[in-house]
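Add chain B to chain A, keeping to what the hints say.
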Amino acid sequence: MTIRKNYDVVVVGSGPGGLAAAIAAKKNGAQDVLVIERDVEPGGILLQCIHNGFGVEIFKQDLPGPSYAQRFINEALEVGVEFLLDSMVLEITRDHRVTIASKRYGIVTIQAKAVVLAMGCRERTRAQVRLPGTRPAGVFTAGTAQRWVNVEGYMPGKNFVILGSGDIGMIMARRLTFEGAKVERVLEVMPYLSGLTRNYVQCLLDYGIELQLMHTVKNIIGKKRVEAIEAVAVDEKWNPIPGTEEVIPCDTLLLSVGLIPENELSRQAGVLIDPVTAGPFVDDTFQTNIPGIFSAGNVVHVYDLVDWVTEAGLTAGKAAARLISGAEPGHSKTIPVRAGENVRYVVPHTLNPDHLAEGDIRVQMRVRAPIEAPVWVEARAGERMLTRKGEPYARPGEMVTLTLKSALLDELKAAEELTIAIVRR
Amino acid sequence: MATIEEKLICVTCPKGCTLMVTREGKTVLSVENGCKRGHEYARQELTDPRRMVASSVKIKGGIHPLMPVYTSAPFPKPRIPELLAVLRKVELQAPVSLDHVVMTDVLGSGIDIKASREMRKI
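Those protein sequences? They're chains A and B, same order as listed. The numbering used here numbers the first residue of the first sequence as 1 and each following residue consecutively. The numbering used here numbers the first residue of the second sequence as 1 and each following residue consecutively.
Mixed in with the good hints, there may be bad ones.
Derived EDC-like pairs: lysine to aspartate or glutamate, alpha-carbon spacing no greater than 20 Å straight-line [to be verified]:
#	chain 1	residue 1	chain 2	residue 2
1	B	K77	A	D62
2	A	K405	A	E372
3	B	K15	A	D307
4	B	K7	B	E40
5	B	K15	A	E391
6	B	K114	A	E91
7	B	K77	A	E179
8	B	K15	A	D62
9	A	K389	A	E411
10	A	K60	A	D86
11	B	K77	A	E210
12	B	K121	A	E245
13	B	K7	A	E372
14	B	K89	A	E179
15	A	K113	A	E91
16	B	K60	A	E152
17	B	K89	A	E152
18	B	K15	A	D304
Simulated from the structure, these hints should not be mistaken for laboratory data. Remember, predicted model here, so these are calculated numbers, not experimental data.
Next up, chain A with everything else stripped away, as it sits in the complex:
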C-alpha cells in the first residue's frame, strides 16, 4: 500500500471500537478510510483475550476475543478499509492533521476530513495505586501477564496473588490455573466485586480460588523477586485494620485495579476531558468538543462488554461519514445529559434531540454504589418523567443502559436538559 496525503476518515486504533468505526464510515459513504495501529496486526487487546464470552449481543454467539476481532477485521478488509500497521500516531491537531511515526514510511503527516479516536484504555499500575514495599521483579498488571501467557508464550511466575477483582484479574486467575500456576488469593479493597458476577463464578469459584473483599496489599516483600505479599483487611475508608495482616508467599503479584481511557493524543488536539470518566465529553454521535473529531469505545469510558464498544464505534463512524458528506451540520443544537441521583456518570454528555428522528439513542451510566434491590432507571426533563425501565439491582461493576425511544422526539425537543437517575423502586 502507498500512503496518501489525504483521507476522508482516519481512525486511531484497530480494536473493536476502531474497526467498527472504520467499517461504518466506509459503509456510510466515506471514500478513503485509514486505520492506524501501533501493533503489527489489527485487532487490539481482543487478540490477547482468548477466553469466551464475546459477541452475545451482536452475534448471539459465545466467541473468544480473537474470533470476535477476526470477524470485524475481515469485514473491514472486505469493505475496503486501509490499514497502516506498526505505526504510532504522534500528534493530532484540531484541524485534523495526523502525524505518524511508521517503521515503513518514517514520519509522515496526513490530512483527514474527520478523525475517530479509538485508542482504548490503559491499566492502572503499581505507582497509580501507591503500593508500599520493595520494588522487586514480579509485579505486573494483569493485562501484561495476559499478553505474555496468551500471545507470546511466557509464564510470568508460579505462585500468584492478584490485587483487584476486575474482569481481567479474575480471567487471568483461571488462565494461570489452566497453565499450571497456583493462584493463592484474589484481594479486593472494595466491599463488592469490581468485575462481572459470572466471572467470579466461572473463574474463581469453579477453581476454588479464594476472594477476599475489603482486603488489600499492605507490603510487597522481596529483594530481586517478589517473595511474599502482606495482605491486610481494610475498613470502609480503606484504612488497614491492625492485627489482620497475613503474609502470603508468592513470586508474582498481578494488579487488576482499574482501567483509564488513554487520551494523551486527544488532549494535545484540544479535546476536553471529563474528569469523572477520564474520556472526552461527547454528544450522542460520540463527537467531541472539536468538530470532526469523534471518539469510540474505551477511550470514552471503560465498558464491560465489547458489544457496546462495537456499537459506539458504529455510531461514531457513521456520524463521521455523515459529517464529511455534509448531511449533518458541524455542531447542531444539543441539550446536556446530567447524572442524577446515584449515577456517577452518564454518556453521552449532550445529545441532539433531532437524532431521535433517525433512531433510538442509548445512554449508558454507572451507579455510584451498589443497590441490591429493584431500581428504576429513569430519564427526566425537569420534573417530568420521560421514560424509565426497571432493573433487579444496580452494581458499579455493571454498566446500566437506558434507551431513549424515537417516540420521545417531541418531548426531548422541548426539553432544556435531561437528567438520568437510578432510584429504588
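Below, chain B without anything else, positioned relative to chain A:
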C-alpha cells in the same frame, strides 16, 4: 428426599442473574429469576455442569508461538484438567484459518477444538 432451595448464579450471559432454584436431589422443581436460557442452565448445572474452555496450543511458522483455541460447545467441567493436558501436546503449523478444527471429538466428548483466529505463515 428433602426439597432444597438455593441460589445459583447464571453464567450464560454477562448479566449474571441470581437464580433461585428449588430442587429435590438433582431434579429441578422450579427456577425463579432469569430467562429461559437461565432455567436451562440451572438444570444443566445440577446434573452435568459444563463450561466453554479456551486455551492455547503451540504453533510453528506463525507470527506468534501460540494459537488460541476454544471448545465448539460447553465441555464437561470435571474433565477440563484432562482436556488441558491433551491440548498441551498439540502443535500446529501455520497457516491456520479461523475456526479450523484442531481436534474432533476430543476425549470422546463429541466436542471439537477450534482455532480462535487465523495465523498466517511468515
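Checked hints:
1. Straight-line distance between C-alpha atoms of K77 of chain B and D62 of chain A comes to about 17 Å, which keeps the hinted pair within the 20 Å bound.
2. The hinted pair formed by K405 of chain A and E372 of chain A fails the criterion: a straight-line CA distance of about 27 Å is larger than 20 Å.
3. The straight-line distance between the Cα atoms of K15 of chain B and D307 of chain A is roughly 13 Å, inside the 20 Å bound, and the hint therefore holds.
4. A hinted pair counts as satisfied when its Cα atoms are at most 20 Å apart, and K7 of chain B with E40 of chain B qualifies at roughly 15 Å.
5. At most 20 Å may separate the alpha-carbon atoms for a hinted pair to count; K15 of chain B and E391 of chain A meet this at roughly 11 Å.
6. Of the pairs offered as hints, the one joining K114 of chain B and E91 of chain A is violated, with about 41 Å between alpha carbons and a cut-off of 20 Å exceeded.
7. Taken as a hint, the K77 of chain B and E179 of chain A pair is honoured in the structure, with Cα atoms around 16 Å apart against an allowance of 20 Å.
8. A hinted pair counts as satisfied when its Cα atoms are at most 20 Å apart, and K15 of chain B with D62 of chain A qualifies at roughly 14 Å.
9. For a cut-off of 20 Å, the pair hint linking K389 of chain A to E411 of chain A stands: about 18 Å separates their Cα positions.
10. Note on K60 of chain A and D86 of chain A: the hinted pairing is violated, with a Cα-Cα distance of about 33 Å set against a maximum of 20 Å.
11. Between K77 of chain B and E210 of chain A the alpha-carbon distance is near 19 Å, which keeps this suggested pair within the 20 Å criterion.
12. In summary, the hint linking K121 of chain B to E245 of chain A is not supported, as the alpha carbons are separated by about 52 Å, beyond the 20 Å threshold.
13. About 15 Å separates the Cα atoms of K7 of chain B and E372 of chain A, which keeps this hinted pair within 20 Å; it holds.
14. Proposed proximity of K89 of chain B and E179 of chain A is supported: the alpha carbons are some 13 Å apart, at most 20 Å.
15. Between K113 of chain A and E91 of chain A the alpha-carbon distance is near 16 Å, which keeps this suggested pair within the 20 Å criterion.
16. At most 20 Å may separate the alpha-carbon atoms for a hinted pair to count; K60 of chain B and E152 of chain A meet this at roughly 13 Å.
17. For the suggested pair K89 of chain B and E152 of chain A, the alpha carbons sit about 18 Å apart, so the restraint of at most 20 Å is met.
18. Annotation: proposed proximity of K15 of chain B to D304 of chain A holds, straight-line Cα distance about 11 Å (limit 20 Å).
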